[in-house]
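The task is simple: from the sequences and hints, build the whole structure.
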Amino acid sequence: MHEFSLYSQIPATRHGQVLHILAGVTASQPTSTLEQTLIYQQARLTETGTSKKASAGRQNAVPASRLSYHKLVRDLKGSDGEKGPWTFRAEDVPLPGMPNFVSRATTAHVLGEAELENFRQGNGWHKYINQYLASPGHRFVHYNIVVRISRILSVPEGTGALEPLDAPIPVLSDCKPIDPSGTYHFEACVRVEDGGNSKIVEQATAELMAFKKQVEGAVDLRVPERLAFDTRVKGT
Amino acid sequence: MASLILRPWTHDSPDTSSLKDILARAQRGHFRDITEVSLQEEIAGEGTFELSESESDDEEEDKDEEISSAKPSTRDDLFKARLEMLRHVDAAHNDVMIALDFVSLLLTHDAPEKGKASISAGLRQEVPIGSLGHDIWHKMPQDKPREAQDKLLATNVRLESLQQSADSLLAAASRLEDNVRKETRYWDHVLSINENGWNVCKLPGQQHRLGVTYGFSDSAPEFARRGVAALNATSDGTMVLERGVGSKPRAVRVLLKRGEAVVGCSRIPALRNEGEVALEARIRHARDSLFDEELYHEMLRESRGQISLGISMKGTGIVLKPNSAESPHATKVVFELVSLGEVEDETGEAREQDSLAQAIALAARMLLSQAHREKVKKRSNVPPSMSERKDERTSLPILRPIMASMLHKAAIDQSNSYLASVGSLLSAASIEHRSQPAAFAFSKDTEAGIEGLVSTLMQCWTSEASLSLYDRQTTIRLETTLATSFGTQYTLSSADGRVTRFSSQEELRAACDDVLASELALHLKLGAGESWECNRREALLVRPDDEQGKGRRVWVTLDSEAGVLSLNTPTKKVSWGSPGGVAASFSDAWAELLD
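Chains as they are written, first to last, in the UniProt record's numbering: chain A, 1 to 236; chain B, 1 to 595.
Derived from the structure by calculation, the hints contain no laboratory data.
The C-beta atom is built at its ideal place from N, Cα and C for all residues, glycine as well.
Certain hints may be false.
[Stated by the list, open to error] Here are the simulated DSSO-like cross-link-like pairs (lysine-lysine), alpha carbons at most 30 angstroms apart as the crow flies:
#  : chain 1 : residue 1 : chain 2 : residue 2
1  : A       : K83       : B       : K375
2  : A       : K71       : B       : K378
3  : B       : K202      : A       : K213
4  : B       : K377      : B       : K390
5  : A       : K212      : B       : K390
6  : B       : K390      : A       : K213
7  : B       : K321      : B       : K257
8  : A       : K212      : B       : K377
9  : A       : K127      : A       : K176
10 : B       : K257      : B       : K314
[To be verified] A few chain A residues that don't get close to chain B, going by computed Cβ distances all over 12 angstroms:
#  : residue
11 : F88
12 : P177
13 : K234
[Claimed, not checked] Okay, the calculated bits of chain A under chain B, using three or more residues with CB under 8 angstroms as the criterion:
#  : stretch
14 : 10-22
15 : 36-45
16 : 141-153
17 : 200-210
Structure, rendered in structure tokens:
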């Protein structure tokens, strides 16, 4: 599927105010989330010959011609209070020539046990690089737009030694924010099933732009540099 | 001689600037602050200012003379003095040349050669010669009466215009006072509405107008749009809602009918509460009416999809018939949307099932609120990625839970009446038995609050009834849920462990009769001894032929429809029940038959 997103930064002092404003705009209360993201480097490409069955089901996915970084995300504050399932997420480089928003093709699906095996240590498919936590996180939904506000924390040294999929969650008090000033990361994104359907794409982008205009003044959404989103592995 | 007044033609239109601009020019600040006193002070201040100005002028002149009388001491001062002197001389020269030109021009008219000789070249280029002439006028005699008349006219005109401005100022003042009064009243109204809890907001489309919201943001779009009404001020300052909103309030009323007679009716809200202003009554009516209209609309939508459940329309009312196969004397529920003003009289007397009708009405409203809450929750979940799919609005489950509980209640009543009739038969035959009727079962751990109540209402209803004959228990289990199938599912478990499911009451009865009959037969066999064989399924006891060649066959039948319990042989029949009971007990009759 295709994603269109806009980003911003909220200073720590304004966090409460922005949450209030968004609650008013969306007419609903935020859902608090605690997301753990693991970053993996693809060690080798999935061979198209042997995995025909798998790729037939995912024909919308961009064929990987180079190795890229993949993410495994899970929400630790699920609806039942237990850890949610792991979701695989692959993001492409954003399309060039889009000055108003970031547009990129992504793949995301929940992983079953068999697929999780690919990510464990020792399997040649993926190599663990790093992980980070997004906490405290809040999520708002406004029609088709998902807004996420969170503070990115890096995990203490040595967390990667154990198998990260099964390791206990790093203690929050030990994790330090990546940005020492405690700024919050704000992301607004719309997802579209099929990036080629121009009608839906227009609808989605119009909605995103309308949302940007609506919160203008309170939150200034902008487009970060395109190559900062590059997920290709260098040197291959 | 008539005087001729020449006025220059105005170049642009007279300046009709707005009051705001004039005030800005007047530079006295906001007109609210201008009072008579401040203006008078200003006038007094100005007078002194003028005087002081002329005084300071004299002082300056004296100082100047002093300075100029002091002799120039330094070389710079000397140069400065020289420059000043030159400047004065230049100015004087200039003045003289201009005067010369003037006189020359005048002269060119009468004595051209002399004039041309002295006129300067610059003036000669600008102005043609002989273009300025002169005349000598004699001084006119002073016309005293005319002058007096002129003065009088002037005074009168001045007086008239002053009067006019005074009048217009007074009119403005009174209008201002009126406006202020109206504004105060408007804001008092708005504040009172706000204090009573209604939400006053800015209307999205129109500026300078306030509105009150009473709608529910999670309703269907056509109802959410109607949830705002503008507050308009009328000419005398009272406030009305726009467009007659809230003037014809409607409410949903539940009627319980048996046949054509009304046996229960729900309450409709009062037209005017005590201590409530007309405006607030209107707002309240508007909100209640909107909610009930939405409720009716959603019920209508639901009923269209659920005709198979026995929900139908009759006129404008939605009719729920819990058991469609039952006689027309069964109770049916009718929902209708009525206008508050028209149906005051129906609610006069209290009827026997008024509380049930009221409960049904409340349940319907609670279910709608719950549906709103569900909508908010669903909205907060991450939506799926956008695609061409359009989701249709599923109908909200309002009638279905009500129907389910009514069906379950009807099933419980029927089961209990069945048990009661069987029990009476068994008692007539003096058979010892114990029965436990079915009842609504509520789980103990429902969460408090309205969500708990509604979830209880929407659950799958189950109840159990049991009948024990000689310590062998037969259980009937009732399950009602409209999710899987229509109607109650009955499960009959006999004491042997056989479990059978039925979906209609008649089948259940027949099966239960058979089970009980076979229980009785079994009991007889146990007491009778070895020679008898019992065919459980048919409740038949057979004693095969003995030495005398006399075989015996006895069977038990239980018919709860007809209300008859009987012990039969091919030749004789002993029965208990409605048509002519027998006083003997069951065991006695059996003993009799044995011989």
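Each hint tested on the structure:
1. Annotation: proposed proximity of K83/A to K375/B holds, straight-line Cα distance about 25 angstroms (limit 30 angstroms).
2. Our distance criterion of 30 angstroms between C-alpha atoms is met by K71/A and K378/B, whose separation comes to about 27 angstroms.
3. Note on K202/B and K213/A: the hinted pairing holds, with a Cα-Cα distance of about 20 angstroms set against a maximum of 30 angstroms.
4. For a cut-off of 30 angstroms, the pair hint linking K377/B to K390/B stands: about 20 angstroms separates their Cα positions.
5. Distance check on the hinted pair: K212/A and K390/B sit about 25 angstroms apart at the alpha-carbon level, within 30 angstroms; holds.
6. Between K390/B and K213/A the alpha-carbon distance is near 26 angstroms, which keeps this suggested pair within the 30 angstroms criterion.
7. Between K321/B and K257/B the alpha-carbon distance is near 10 angstroms, which keeps this suggested pair within the 30 angstroms criterion.
8. This hinted pair checks out: K212/A and K377/B have alpha carbons roughly 24 angstroms apart, not beyond 30 angstroms.
9. Between K127/A and K176/A the alpha-carbon distance is near 24 angstroms, which keeps this suggested pair within the 30 angstroms criterion.
10. For a cut-off of 30 angstroms, the pair hint linking K257/B to K314/B stands: about 13 angstroms separates their Cα positions.
11. Every Cβ of chain B is farther than 12 angstroms from the Cβ of F88/A; the closest lies at roughly 16 angstroms, confirming the non-interface assignment.
12. Listed as outside the interface, P177/A is consistent with that label: its C-beta sits roughly 25 angstroms from the nearest C-beta of chain B, beyond the 12 angstroms cut-off.
13. For K234/A, the requirement that its beta carbon stay farther than 12 angstroms from each beta carbon of chain B is met, with the minimum near 30 angstroms.
14. By the rule of at least three residues with a Cβ nearer than 8 angstroms to a Cβ of chain B, the coverage given for the stretch 10-22 of chain A is violated, with 0 such residues.
15. Counting residues of the stretch 36-45 of chain A whose CB lies closer than 8 angstroms to any CB of chain B gives 0, so the stated coverage by that chain is violated, three being the minimum.
16. Residues of the stretch 141-153 of chain A with a Cβ under 8 angstroms from some Cβ of chain B number 4, which satisfies the need for three, so the listed coverage holds.
17. Note: the stretch 200-210 of chain A has 3 residues with beta-carbon separation from chain B under 8 angstroms; the three-residue rule is met and the coverage holds.
This entry does not satisfy hints 14, 15, going by the numbered hints stated previously.
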